[in-house]
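Protein chains in written order, with the working numbering: chain A, 1 to 444; chain B, 1 to 201.
Be aware that one or more of the hints could be misleading.
[As the list claims (entries may be wrong)] Sample of chain B residues facing chain A (criterion: CB under 8 Å; computed from the structure):
1. 78
2. 103
3. 104
4. 118
[Claimed, not checked] Derived lysine-lysine pairs resembling DSSO-like cross-links, with alpha carbons at most 30 Å apart:
5. A:157 <-> A:5
6. B:2 <-> A:430
7. A:16 <-> B:2
8. B:2 <-> A:375
9. B:58 <-> A:432
10. A:116 <-> B:88
11. A:231 <-> A:16
12. A:325 <-> B:72
13. A:12 <-> B:2
14. A:115 <-> B:2
15. B:88 <-> A:231
Source of the hints: derived by calculation from the structure; they are not laboratory data.
Glycine included, each C-beta is placed from N, C-alpha and C at the ideal position.
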Amino acid sequence: MQNLKTVVVQFKNENKLPILITTVFFFTFFYVSFFHHQTFTESDGIFYYLMGEWLINGNVEYVGIHGAPIGGPLLHASFGNLLSDPFIAGKIISLISCTGIVFTSFFITRNLFSKKVALVTQLFFAANPKIAHLSILVLNEAAPLFFIFISLYYATKKQKSIATFVLVGIFLGLAFCFRYQAVFILVAFLVYLLIFERKRIFGLRNCCFTLLPFLATISPLLIYNYLILGKFSTLSTNSYFLDSFKFQTDVWRNNMGNMIEEGIVSAFYLDPFLFLKNYFYNLLFHNPDHLFKFSIDVYDTLSIFPLFPLVGIITAIGGFLYVTKVTLTKKQLSIMVATFFITFLLIGLFGTLEYHFMLLAIVPLAVIGISNLHKIPNNVLFLLISCIIFLIFISVLPVYRAFHLFPIWLIFPALSSLFFIEGIPAIQAKIKQSLHFGGTVDET
Amino acid sequence: MKLNLIIISLFLLVSIGFTFMLTLGTFYQSENSTDSKFDILDSLLAGELKNSEEDVRKIIQLLKQDENIEDKSIMTSFKTYPYHTNSKLIYASFTEGSPNDTIYDFITKKNWSAFEHYYSAINSIPPQNDLDMVQIPDYLIYGYTIYSYNDPNTTWYKDDDSHTEILQNPEDPDIPKFLNPIFSSTSGNGGVVVYEVNLQD
Chain A
1 MQNLKTVVVQ FKNENKLPIL ITTVFFFTFF YVSFFHHQTF TESDGIFYYL MGEWLINGNV
61 EYVGIHGAPI GGPLLHASFG NLLSDPFIAG KIISLISCTG IVFTSFFITR NLFSKKVALV
121 TQLFFAANPK IAHLSILVLN EAAPLFFIFI SLYYATKKQK SIATFVLVGI FLGLAFCFRY
181 QAVFILVAFL VYLLIFERKR IFGLRNCCFT LLPFLATISP LLIYNYLILG KFSTLSTNSY
241 FLDSFKFQTD VWRNNMGNMI EEGIVSAFYL DPFLFLKNYF YNLLFHNPDH LFKFSIDVYD
301 TLSIFPLFPL VGIITAIGGF LYVTKVTLTK KQLSIMVATF FITFLLIGLF GTLEYHFMLL
361 AIVPLAVIGI SNLHKIPNNV LFLLISCIIF LIFISVLPVY RAFHLFPIWL IFPALSSLFF
421 IEGIPAIQAK IKQSLHFGGT VDET
Chain B
1 MKLNLIIISL FLLVSIGFTF MLTLGTFYQS ENSTDSKFDI LDSLLAGELK NSEEDVRKII
61 QLLKQDENIE DKSIMTSFKT YPYHTNSKLI YASFTEGSPN DTIYDFITKK NWSAFEHYYS
121 AINSIPPQND LDMVQIPDYL IYGYTIYSYN DPNTTWYKDD DSHTEILQNP EDPDIPKFLN
181 PIFSSTSGNG GVVVYEVNLQ D
């Protein structure tokens, strides 16, 4: 007991500022949530609560949630019943989850970079409009996101024990019970383990230590889905395609309307060209647009500078270049220029510059990243891989809210903070040095 | 002062400003303005803000005056009203059907596509297992916004909702007789109209 007290006191002393930021965040949004939001108006929150109620009362014929597993409804209904007020329960779930996200954002970044960088990253989380939005509204987003963030904390730890791998699996499994997209982070972690941590320890063994707890955690959900609903997943991808694909034709729309209950393969074969056109639009324009906003709706962005969201890309790229410790040799520069022009040519031949221009920045940066792979810390690499894999999978659909991309967002404010804390002083020092050197040359 | 600290402070200030604006816009709206999302700031300074939940509470009170509300159905896209009044929801986004449909055709789901029937059924309270079942609503609650919150790049296949737009104005002479407007409210960027449906008359 004494030992535990000492640990807690030590933890508090070492992390005064992150605790202060988290506390200020909690009380600010507690005030907003409980003094300015008096009526339960969120359709999503109401629907998830009612679904949970039907489920608890055994009315399973009603429970075929469109696109989401039963974890959210169960949590909202059981906690709502416990407090006899689903609205208060939902607000508490959102507020505590978002407070947890703000708190863990410091410790995840601390796993990657210095304490100062972690602190600035945490401030970007605490000041983010979308985190604020999630913390005051009753939706089904904050709780799974919090579980994903806990798993990211363990996944980015430098020294991993068996317990670390198991905890990654359990927390991603919990998140999966609320939102299916948590599986994309699991895939990214397994890919990372198999490719980058394979030599250090037995990659396959560690994969199993993560995968098995994940499967064990989600097994009640899968069993329920299979026994009650007759399928493992309640995802209705085709209805989402019908509802949200940008490029559609009347024939496609009519046919798709008749195959709502079918899966993604049937949607692909209905018109492969149209499907791929939508996929690459989502991957290279629509979904990144919700991260950095190339278009007018500045409110729905995760950029750290919402006034001019594009600025958020520049700082993140700055951090990326800093972390890769890039030294632009003639060879590297010519490779970059060549890839830029080849990409430009390919877009001209097969794509549309209006929607695929992101490739012009991504491909040269990817070339730099790959050629300096050994310089990137492993846990940073994992977050970069997560980002790529998550976007590759999620882009089957256009996300309709920026906060759906929060599972991969951390790397962007973290890289931006790195750029601010270490990159800018390094640039300043170089400029001073070159000025001084230039002055010396002039004098001589 | 260090340059990086100035930049970080600037970034954080902008973020906090946006968070304040977004939070303000979530629970409050300006009374009159229509042209900009930033008008809410002017309204705040002028002290003309209106709580967005005010109309919701009024409508709930109004519906609760109906003694049999718990046995009745509301056709709307909002789950709020059926939830607070323990009534049934017939989900509609008011884009369903054909552009040439009358309001009666719309309410009776005459020309709704299979997908529109399906989407309405799974979003209704309680969800309907029989997709072809047509329930006549007792109330119709129509909410609208004057400008779209979607940016131009995310406007997908645009459903034509011109056949239901007439519902925005309860004083429009073309509103069918079986719809009795009982509540109407407009605010900066949109409004909500509640109709009682009397198809028996």
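To see whether the hints hold, each was checked on the structure:
At about 6 Å, the closest approach between the beta carbon of residue 78 of chain B and any beta carbon in chain A falls short of 8 Å, and the interface hint on this residue holds. Interface restraint check for residue 103 of chain B: the shortest CB-CB distance to chain A comes to about 23 Å, outside 8 Å, so the restraint is violated. This hint is violated: residue 104 of chain B has a C-beta 24 Å from the nearest C-beta of chain A, more than the 8 Å allowed. A hinted interface residue such as residue 118 of chain B counts as satisfied when its beta carbon comes closer than 8 Å to some beta carbon of chain A; here the least separation is about 6 Å, so the hint holds.
Of the supplied pair hints, the one linking residue 157 of chain A and residue 5 of chain A holds, its CA atoms being roughly 24 Å apart against a limit of 30 Å. With a C-alpha separation of about 16 Å, the suggested pair residue 2 of chain B and residue 430 of chain A falls inside the 30 Å cut-off, and the hint holds. With a C-alpha separation of about 23 Å, the suggested pair residue 16 of chain A and residue 2 of chain B falls inside the 30 Å cut-off, and the hint holds. Simply put, residue 2 of chain B and residue 375 of chain A have alpha-carbon atoms about 28 Å apart, close enough for the 30 Å limit, and the pair holds.
Between residue 58 of chain B and residue 432 of chain A the alpha-carbon distance is near 65 Å, which puts this suggested pair outside the 30 Å criterion. Of the pairs offered as hints, the one joining residue 116 of chain A and residue 88 of chain B is violated, with about 54 Å between alpha carbons and a cut-off of 30 Å exceeded. Under the criterion of a C-alpha separation no larger than 30 Å, the hint pairing residue 231 of chain A with residue 16 of chain A is inconsistent with the structure, at around 48 Å. Simply put, residue 325 of chain A and residue 72 of chain B have alpha-carbon atoms about 67 Å apart, too far for the 30 Å limit, and the pair is violated.
A hinted pair counts as satisfied when its Cα atoms are at most 30 Å apart, and residue 12 of chain A with residue 2 of chain B qualifies at roughly 29 Å. Restraint check for residue 115 of chain A and residue 2 of chain B: satisfied, since their Cα atoms lie roughly 18 Å apart, inside the 30 Å limit. Straight-line distance between C-alpha atoms of residue 88 of chain B and residue 231 of chain A comes to about 28 Å, which keeps the hinted pair within the 30 Å bound.
In summary, the structure is inconsistent with hints 2, 3, 9, 10, 11, 12 from the numbered list given earlier, while agreeing with the others.
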